[in-house]
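Peer 1: Protein chains in written order, with numbering that gives the first Met the number 0: chain A, 0 to 306; chain B, 0 to 306; chain C, 0 to 306.
Copies of the same chain look alike in the list, so a pair counts if it works inside one copy or between any two.
Restricting the straight-line Cα-Cα distance to at most 25 Å, the calculated cross-link-like pairs of lysine to aspartate or glutamate (DMTMM-like) are:
| no. | residue 1 | residue 2 |
| --- | --- | --- |
| 1 | Lys287 | Glu88 |
| 2 | Lys177 | Asp199 |
| 3 | Lys287 | Glu85 |
| 4 | Lys129 | Glu85 |
| 5 | Lys177 | Glu152 |
| 6 | Lys146 | Glu220 |
| 7 | Lys287 | Asp164 |
| 8 | Lys146 | Asp250 |
| 9 | Lys189 | Asp213 |
Hints in this document: simulated from the structure, not taken from any laboratory. Since we're looking at a predicted model, the values are computed, not measured.
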Amino acid sequence: MKIRHVVESQQFTLPMLVELFSIADQMERVLARGGTQDYQNKIMASLFYEHSTRTRFSLESAMYRLGGKVLSTERANTFSSVVAGETLEDTIRVIGNYADVIVLRHNDLGGAQRAAQVSSIPIINAGDGKGGQHPTQALLDLYTIYKGIGTIEGVKVALVGNLTDGRTVRSLAYLLGKFERVKLYFIAPKSFQIKQDILDYLTKHNVWFELQSDLKKILPEVDVVYSTRIEPELLTQRGERLETISQYFIDDTILKLLPPHALVMHPLPRLHEISPTVDTDPRAAYFKQTRNGVLIRMALLASVLGY
Amino acid sequence: MKIRHVVESQQFTLPMLVELFSIADQMERVLARGGTQDYQNKIMASLFYEHSTRTRFSLESAMYRLGGKVLSTERANTFSSVVAGETLEDTIRVIGNYADVIVLRHNDLGGAQRAAQVSSIPIINAGDGKGGQHPTQALLDLYTIYKGIGTIEGVKVALVGNLTDGRTVRSLAYLLGKFERVKLYFIAPKSFQIKQDILDYLTKHNVWFELQSDLKKILPEVDVVYSTRIEPELLTQRGERLETISQYFIDDTILKLLPPHALVMHPLPRLHEISPTVDTDPRAAYFKQTRNGVLIRMALLASVLGY
Amino acid sequence: MKIRHVVESQQFTLPMLVELFSIADQMERVLARGGTQDYQNKIMASLFYEHSTRTRFSLESAMYRLGGKVLSTERANTFSSVVAGETLEDTIRVIGNYADVIVLRHNDLGGAQRAAQVSSIPIINAGDGKGGQHPTQALLDLYTIYKGIGTIEGVKVALVGNLTDGRTVRSLAYLLGKFERVKLYFIAPKSFQIKQDILDYLTKHNVWFELQSDLKKILPEVDVVYSTRIEPELLTQRGERLETISQYFIDDTILKLLPPHALVMHPLPRLHEISPTVDTDPRAAYFKQTRNGVLIRMALLASVLGY
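Work out the full structure: start from the sequences and follow the hints.
Peer 2: Below, the structure written as structure tokens:
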């Protein structure tokens with residue numbers, strides 16, 4: 000697979016996803032053998048206009064696992080050139096002479112697309128703007144389901160929490176909709192439900208879905224519970240009662256309702272969504288997600304740098 | 000060539016410049032072959048007391064292209080030791096036990112010289128103070144002219160914009176003055192013209208120069224137009240009219256007056272000095288400058304680390 | 000030697016210290032041969048919740064000297080996840096999927112211990128909280144005495160300056176107390192003397208010690224003078240006269256009283272504790288300490304990563 004840029008989830012067709020997961024599987028074997036120096040002459044530039052130490056660390060770890068090198072700034076917005084009024088396009092052209100791939104976290108919606116249009120080297124979108132894309136996160140979530148359940152076709156996924164604002168859930172719903180016989184349950188208080196654009200997309204592609212507010216009812220039949228945070232301050236802002244949040248809390252009681260093969264996922268960081276007592280349950284997959292993130296990002300870096 | 004420290008442009012004699020450019024040419028061939036790991040056991044410390052992400056990235060990229068490793072801080076001024084009142088000299092002695100070369104961006108004029116006096120490892124000056132030196136920038140500019148025009152002897156260069164304050168232009172004028180039959184045109188509003196010390200230096204070394212305010216008039220006869228920014232706020236401060244700036248704007252009309260072999264250069268970032276429509280013209284050399292910067296810095300690092 | 004985590008000085012028994020110093024000696028030979036790439040597939044994560052550029056640089060230098068790679072943040076407290084309320088434990092579990100060893104500087108007393116309890120990869124404590132541990136500093140101090148004097152048994156050490164607050168001196172006194180026939184002189188103004196808990200420990204372990212305020216008197220009989228800073232503002236706060244500080248100042252006059260084989264040590268940064276004229280004396284060991292720090296940290300990293 001040769002990808003030029005990784006800008007948005009939508010660019011990945013089903014065959015591309017299958018191939019990407021196969022490369023990620025190979026990367027796991029590479030790590031098990033102690034790693035590689037195959038990309039030792041390659042440089043990745045981490046260009047973060049917004050803080051996201053975790054995403055940055057995950058991508059830089061992936062580059063290091065490939066043997067590569069990393070130029071890094073978490074404060075691209077304080078670039079003297081940016082302060083001086085330089086356009087994103089000029090900055091990208093300059094960095095193109097310093098590195099072999101740019102990982103870009105930009106504060107503007109569409110920033111990654113603008114960068115890709117002028118860049119002489121591959122761009123990997125590490126998040127652009129509120130409500131923008133964060134494709135590597137969506138891909139690692141999908142890969143975690145694939146590895147944990149064994150397939151994505153026919154998988155039943157409960158998406159829980161703040162489904163309105165989180166780009167994670169929106170992107171995942173989008174990607175899951177590409178697979179056959181998938182069933183999606185959107186479980187959230189009314190003012191945090193999934194937006195109509197995603198539902199329209201699912202309807203158009205004949206994906207089965209259901210809007211629910213009762214988590215316990217659907218638990219026995221799902222393969223995956225994907226939990227996300229509802230910020231307490233948003234709850235009150237949107238006129239919901241604070242107690243509502245407890246309905247979405249995942250603890251040992253909830254685990255008893257969940258099939259033994261199921262996965263409990265979360266994009267992290269968690270606050271009170273999942274009890275620490277769940278951590279030792281074999282179904283807890285949220286820390287595995289971070290490990291799979293390195294594998295998927297290794298696969299993406301290898302794909303854009305030449306595999 | 001064995002250099003101990005890179006402190007100021009003046010330290011480079013004509014034969015040293017010729018050899019440096021020859022090493023930079025070799026570095027281009029090294030990159031074309033996919034890079035080297037020759038310096039994989041060497042560590043460069045980026046010690047930046049002031050922000051300059053671009054200069055830092057360029058030097059770190061050069062070190063990585065040589066196979067080396069990089070310790071990096073953009074906030075050397077928040078070193079607990081510096082806050083506690085440690086002298087620059089002590090800091091340099093300490094870092095000398097952590098690295099093999101120090102790239103220093105200091106806020107005080109003469110900081111690099113002070114560092115070099117006590118350092119057990121090579122110092123590369125990445126800019127010291129307002130009006131101080133930034134020798135690697137001057138060298139990459141000169142190298143870009145050398146590569147683009149084929150020679151520096153007899154070259155005709157128009158230096159345009161804020162010639163009073165920019166150390167880039169001052170250092171470049173200084174270096175160009177070392178070569179035979181060079182002609183320099185200083186094109187700027189009166190309150191932004193080149194300072195007398197540079198003119199005295201050029202007179203003393205029999206370098207032909209001319210002060211001009213009309214860019215269009217000299218364009219047909221030059222090999223290089225080197226444009227720099229005049230900050231609008233400085234214009235008004237110095238009693239010039241804002242419209243003045245448009246006389247120095249480089250666009251397609253200006254390009255038509257320029258010989259086909261000429262170069263349009265700029266230290267970047269640009270704001271409104273050069274129209275984006277110029278970017279695709281083969282004479283646009285400002286992004287090539289950033290690429291040449293990596294080559295020159297590879298050559299300098301190799302020279303101080305042992306070539 | 001296989002260590003799991005480096006959390007506190009107390010975990011090192013006498014045989015472990017002997018073995019650690021032997022590994023550090025080997026590391027010196029590795030550096031003399033030009034370094035190693037033995038750990039090129041290993042990643043160290045520098046997770047600093049507080050600034051400490053010098054400690055960070057020293058540890059990162061050690062990892063690079065081993066051939067390894069480094070993920071680095073000096074602002075772990077601005078991790079979006081930490082801001083969002085993530086526990087240290089969750090952060091450590093996540094980073095455990097990105098790296099092979101975590102160097103942790105935490106602001107809370109006991110932070111390193113908490114991290115070690117949940118971490119899937121080794122933790123090296125690079126300082127936790129005011130009055131907490133900083134074991135790698137204590138170990139490098141001890142190693143400097145061992146290398147400089149040839150042995151630690153029977154060594155006579157004057158600890159000078161602010162002995163109340165500095166964790167450096169407290170940890171060093173603790174470690175020295177493990178060796179036979181050591182003599183410790185605590186030389187400080189009354190309100191900066193060593194605390195009773197250390198004296199109790201020394202008494203319990205039959206370590207000879209003496210509290211003194213007169214530095215000159217004991218100088219002729221010591222092997223090591225370990226100087227630390229007394230902040231002038233603390234002096235006045237605690238009702239001491241500012242002139243007091245001059246009694247602890249180490250200059251050429253003081254040097255004349257010191258045996259020719261002795262060491263002058265200081266954890267750095269220094270302000271006015273040691274005259275710059277002392278720097279060229281062969282007994283000045285404070286810059287050697289920073290070099291020994293890299294060796295000891297290489298030995299510790301190799302020990303936790305598998306030697």
